Amino acid sequence: DTLYTVQLQARLGERTLSHLAEARNFANVGSLPFGVDLARRLAALEGSEQTPKVGLPAEDLPLILESRVVAWIIERLGPVFSNEAVASGKVFLANKLGERLGSNKVHLMDDPGLHGGLRTHAFDDRGVPPMAMPVIREGIQAGLYYGVNEARARDIRHTGHRRGGKLVHGNLILLAGNRSRTQMLSEVPSSICFDHIDGKLDLRTGKIDVSGPAFLLEKGRRVGVIDKVRLKTDVITLLSGVQEFSS
Numbered sequence: 001d002t003l004y005t006v007q008l009q010a011r012l013g014e015r016t017l018s019h020l021a022e023a024r025n026f027a028n029v030g031s032l033p034f035g036v037d038l039a040r041r042l043a044a045l046e047g048s049e050q051t052p053k054v055g056l057p058a059e060d061l062p063l064i065l066e067s068r069v070v071a072w073i074i075e076r077l078g079p080v081f082s083n084e085a086v087a088s089g090k091v092f093l094a095n096k097l098g099e100r101l102g103s104n105k106v107h108l109m110d111d112p113g114l115h116g117g118l119r120t121h122a123f124d125d126r127g128v129p130p131m132a133m134p135v136i137r138e139g140i141q142a143g144l145y146y147g148v149n150e151a152r153a154r155d156i157r158h159t160g161h162r163r164g165g166k167l168v169h170g171n172l173i174l175l176a177g178n179r180s181r182t183q184m185l186s187e188v189p190s191s192i193c194f195d196h197i198d199g200k201l202d203l204r205t206g207k208i209d210v211s212g213p214a215f216l217l218e219k220g221r222r223v224g225v226i227d228k229v230r231l232k233t234d235v236i237t238l239l240s241g242v243q244e245f246s247s
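Residue numbers (the numbering used here): 1 to 247.
The set of hints was computed from the structure by calculation and includes no laboratory data. Treat each hint with caution, since some may be false.
Unchecked claim - Here are the simulated DSS-like cross-link-like pairs (lysine-lysine), alpha carbons at most 30 angstroms apart as the crow flies:
#	residue 1	residue 2
1	Lys-96	Lys-200
2	Lys-53	Lys-166
3	Lys-232	Lys-105
4	Lys-96	Lys-232
5	Lys-53	Lys-200
6	Lys-166	Lys-207
7	Lys-53	Lys-219
8	Lys-105	Lys-90
9	Lys-219	Lys-90
10	Lys-219	Lys-96
11	Lys-96	Lys-53
12	Lys-90	Lys-207
13	Lys-219	Lys-166
14	Lys-105	Lys-207
15	Lys-53	Lys-232
16	Lys-53	Lys-228
17	Lys-166	Lys-90
18	Lys-219	Lys-232
19	Lys-90	Lys-200
20	Lys-232	Lys-90
21	Lys-228	Lys-200
22	Lys-96	Lys-207
23	Lys-53	Lys-90
24	Lys-200	Lys-232
25	Lys-228	Lys-207
Keep in mind the model is a prediction, meaning the values are calculated, not measured.
Make a model of the complete structure from these sequences and hints.
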């Protein structure tokens with residue numbers, strides 16, 4: 001049950017970046033150069049002679065999402081896969097059960113029993129061992145979290161997700177791709193890559209409204225810094241546009 005947490009904040013001029021790292025193993029928070037990474041990101045976002053500040057290009061460009069950006073989205077998406085939330089009709093998934101939520105590249109697992117995971121537990125509040133399950137399989141909605149009573153009513157297996165009196169997600173894991181980021185981006189002439197995002201993901205409607213600084217890339221190489229890019233879309237449109245995940 002041990003959980004180590006480290007919070008860092010770095011500032012350069014008007015810009016501040018924060019980082020939160022949590023792990024079951026102390027080495028994963030105490031021995032990694034998070035501060036160095038924050039300093040490099042801050043310096044890069046300030047721009048340089050090689051990567052000057054630029055405006056948002058007028059043409060449509062592919063969007064590259066860093067792992068921290070994908071994690072921001074997936075973390076907030078977790079609660080929609082609760083049977084209780086779906087039954088209440090208060091999440092967008094209520095009208096999308098069994099339907100396509102994204103491209104066939106999107107495979108999202110929930111594994112509350114994952115060794116060393118942040119939300120790993122041997123059993124839930126009712127003493128039920130957790131069950132690993134896909135919630136999105138090749139883009140199709142595939143599973144929900146069920147407590148004991150809900151599962152009995154449907155004559156199915158309960159999933160072991162009831163904690164703190166409600167159904168909550170466990171360790172959410174996106175299936176990785178087969179190619180490295182470098183290989184993928186070498187085929188993309190120009191693209192935009194968020195460094196990080198802030199904003200809102202509305203679970204009732206599925207609408208996403210986020211913004212943050214981004215880099216203009218040419219075949220994966222940074223050629224410019226854009227102070228702020230705003231992305232307004234919805235979960236299904238975003239996931240349906242996924243072309244590839246890196247390894």
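**Request:** Give me the numbers of the hints this structure contradicts, sorted from smallest to largest.
**Result:** 2, 9, 10, 11, 13, 23
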